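Based on these hints, arrange chain X on the given structure of chain P.
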Amino acid sequence: MSFINYSSREINCKIVYYGPGLCGKTTNLHYIYKKTNPDSKGKMISLATETERTLFFDFLPLALGEIRGFKTRFHLYTVPGQVFYDASRKLILKGVDGLVFVADSQVERMEANVESVENLRINLAEQGYNLDAVPYVVQYNKRDLPNAVPVAEMKRALNPRGVPDFEAIASEGNGVFDTLKAIAKQVIMELKKGQEGG
Amino acid sequence: MIGSDLVMYDEEFKLIDAELQRLLSQSNAKVVFLVDKNGQLIAATGETENLDTTSLASLTAGNIAATGGMAKLLGEKEFSILFHEGQRDNIHISIIGQRVILVVIFDQRSSLGLVRLRVKKSAEILGTIFNQLLQKVETGKGPSKGADSPFAEITDEDIDKLFG
Chain P
10 MSFINYSSRE INCKIVYYGP GLCGKTTNLH YIYKKTNPDS KGKMISLATE
60 TERTLFFDFL PLALGEIRGF KTRFHLYTVP GQVFYDASRK LILKGVDGLV
110 FVADSQVERM EANVESVENL RINLAEQGYN LDAVPYVVQY NKRDLPNAVP
160 VAEMKRALNP RGVPDFEAIA SEGNGVFDTL KAIAKQVIME LKKGQEGG
Chain X
10 MIGSDLVMYD EEFKLIDAEL QRLLSQSNAK VVFLVDKNGQ LIAATGETEN
60 LDTTSLASLT AGNIAATGGM AKLLGEKEFS ILFHEGQRDN IHISIIGQRV
110 ILVVIFDQRS SLGLVRLRVK KSAEILGTIF NQLLQKVETG KGPSKGADSP
160 FAEITDEDID KLFG
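Protein chains in written order, with our numbering: chain P, 10 to 207; chain X, 10 to 173.
Check each hint, because a few of them may be wrong.
[What the hints assert, rightly or not] Simulated crosslink set (DSSO-like; lysine-lysine; CA at most 30 Å straight-line):
1. X/K170 x P/K43
2. P/K194 x X/K145
3. X/K23 x P/K52
4. X/K170 x P/K202
5. P/K99 x X/K46
6. X/K39 x P/K50
7. P/K164 x P/K80
8. P/K44 x X/K170
9. P/K103 x X/K86
10. X/K46 x P/K103
11. X/K130 x P/K103
12. X/K145 x P/K201
13. P/K201 x X/K23
14. X/K129 x P/K103
15. X/K46 x P/K80
16. X/K81 x P/K99
17. P/K80 x X/K170
18. X/K46 x P/K43
19. P/K103 x X/K23
20. X/K46 x P/K201
21. X/K145 x P/K80
22. P/K190 x X/K170
[Stated by the list, open to error] Per label pair, the in silico range of CB-to-CB distance:
23. X/E85 x P/P47: 19 to 27 Å
24. X/E147 x P/K80: 19 to 27 Å
25. P/D153 x X/Q35: 57 to 65 Å
26. X/A161 x P/S17: 14 to 22 Å
[Said to hold, decoys possible] Among the chain X residues that face chain P by a calculated CB cut under 8 Å, a handful are:
27. M17
28. S34
29. I168
In case anyone wonders, no lab produced these hints; they're calculated from the structure.
Since this is a predicted model, take the numbers as computed values, not measurements.
Glycine included, every Cβ here is placed at the ideal spot set by N, Cα and C.
This is chain P alone, in the form it adopts within the complex (with noise of 0.2 Å):
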């Protein structure tokens, strides 16, 4: 649910990354804090235990710049991966513009990943939103790893809407700007569109 302020002349939009546990959502995050202007970016804030595994969310504004007048910023929030934080999902989830799904390459972790976008069309699903309805990307992250599921195997599991996705290490930050401009990019379609449509 984005923000519209005509009177300071704001549009503030929130995208959410969400995916299993040790994909590498913090990781994408933290390389956009890099990687980002100075004067662009806000303060990352991360709720995490003290052995850096996300316990609530990380939370990251963006302010981009103008379009036709209007400042345009994205407010980018993580998910705790670890199943049994279901609850604050849940919370995270609330509002949210456009959804990023983190996927991890790795073989072992294809059946997490699975369950993971199971759970997130369950969560969508609760607050009223449809998963195959709603802004939508999928990165299939640490890509430089030997045991890595083959690229086309990984869409046939996780993305058969066929929305945009991506290869990534995010470590590395390849693939982590494609991700969240093509993301960005649906979200303000999608503004717009909901405001021609009414």
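For chain X alone, kept in the frame of chain P given last:
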């Protein structure tokens, strides 16, 4: 379109800002701000210069969301007031009209009793303004359908430009 977007117009923004300023002075608070339940900062007033209000807004919404989750587990609809006491500063958080969150930060120059009293009064006024805003959005009387809409002529190029 996912859900209904929160839209803010100049007229209501001024009314909200004025009410927040009134609350700030009447409750002797340091900072007063308003956040929507999804973590978007709507308005802020007071000593905000050295305060990361964007992060505070996001964490406030997270806090309310987590507390709301606890409420549900107990069979409560929501916990409408939260209070955090610090050594120097305190935070009073309340939900208005089930949609927005009013946050008051205050120190020893004020008191919890005073803040609660003033918040109650302001909550009614803010609630009315938000109802008015919602009606305006629903009936499409705002400028969003008019020529002022930033979305009407958006192109792929505009979006590409955002990323340099």
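Here is how each hint holds up against the structure:
1. Among the hinted pairs, X/K170 with P/K43 is consistent with the structure: their alpha-carbon atoms are about 20 Å apart, no more than 30 Å.
2. A C-alpha spacing of about 28 Å is found between P/K194 and X/K145, which places the hinted pair at or below 30 Å, so the restraint holds.
3. A hinted pair counts as satisfied when its Cα atoms are at most 30 Å apart, and X/K23 with P/K52 qualifies at roughly 28 Å.
4. Distance hint between X/K170 and P/K202 is fulfilled; the C-alpha atoms sit about 20 Å from each other, no more than 30 Å.
5. A C-alpha spacing of about 14 Å is found between P/K99 and X/K46, which places the hinted pair at or below 30 Å, so the restraint holds.
6. The straight-line distance between the Cα atoms of X/K39 and P/K50 is roughly 25 Å, inside the 30 Å bound, and the hint therefore holds.
7. A hinted pair counts as satisfied when its Cα atoms are at most 30 Å apart, and P/K164 with P/K80 does not qualify at roughly 35 Å.
8. Between the alpha carbons of P/K44 and X/K170 the distance comes to roughly 17 Å, so the proposed pair stays at or under 30 Å and holds.
9. With a C-alpha separation of about 17 Å, the suggested pair P/K103 and X/K86 falls inside the 30 Å cut-off, and the hint holds.
10. Note on X/K46 and P/K103: the hinted pairing holds, with a Cα-Cα distance of about 8 Å set against a maximum of 30 Å.
11. Proposed proximity of X/K130 and P/K103 is supported: the alpha carbons are some 28 Å apart, at most 30 Å.
12. Between the alpha carbons of X/K145 and P/K201 the distance comes to roughly 19 Å, so the proposed pair stays at or under 30 Å and holds.
13. Only pairs whose Cα atoms come within 30 Å are accepted, and P/K201 paired with X/K23 is accepted, the gap being roughly 26 Å.
14. The straight-line distance between the Cα atoms of X/K129 and P/K103 is roughly 26 Å, inside the 30 Å bound, and the hint therefore holds.
15. Distance restraint check for X/K46 and P/K80: the Cα-Cα separation of roughly 21 Å lies within the 30 Å cut-off, and the hinted pair is therefore satisfied.
16. About 13 Å separates the Cα atoms of X/K81 and P/K99, which keeps this hinted pair within 30 Å; it holds.
17. Between P/K80 and X/K170 the CA atoms are separated by roughly 13 Å; this keeps the pair inside 30 Å, and the hint holds.
18. Of the supplied pair hints, the one linking X/K46 and P/K43 holds, its CA atoms being roughly 28 Å apart against a limit of 30 Å.
19. With a C-alpha separation of about 27 Å, the suggested pair P/K103 and X/K23 falls inside the 30 Å cut-off, and the hint holds.
20. As the CA atoms of X/K46 and P/K201 are separated by approximately 23 Å, the hinted pair is consistent with the 30 Å bound.
21. Among the hinted pairs, X/K145 with P/K80 is consistent with the structure: their alpha-carbon atoms are about 23 Å apart, no more than 30 Å.
22. Among the hinted pairs, P/K190 with X/K170 is consistent with the structure: their alpha-carbon atoms are about 11 Å apart, no more than 30 Å.
23. Take X/E85 and P/P47: their Cβ atoms lie about 43 Å apart, and the range 19 to 27 Å is violated.
24. With their beta carbons about 25 Å apart, X/E147 and P/K80 fall inside the hinted range of 19 to 27 Å.
25. Here the CB-CB span from P/D153 to X/Q35 is close to 59 Å, well matched to the stated 57 to 65 Å.
26. Against the hinted window of 14 to 22 Å, the Cβ-Cβ separation of X/A161 and P/S17 comes to about 19 Å, which satisfies the hint.
27. Below 8 Å, beta-carbon pairs count as interface contacts, and X/M17 has one with chain P at about 4 Å; its hint therefore holds.
28. Checking X/S34 against chain P by beta carbon gives a least distance of about 22 Å; that is not within 8 Å, so the hint is violated.
29. Residue-level restraint check for X/I168 holds (minimum Cβ-Cβ distance to chain P is 5 Å; threshold 8 Å).
Violated hints for the displayed structure, listed by number in ascending order: 7, 23, 28.
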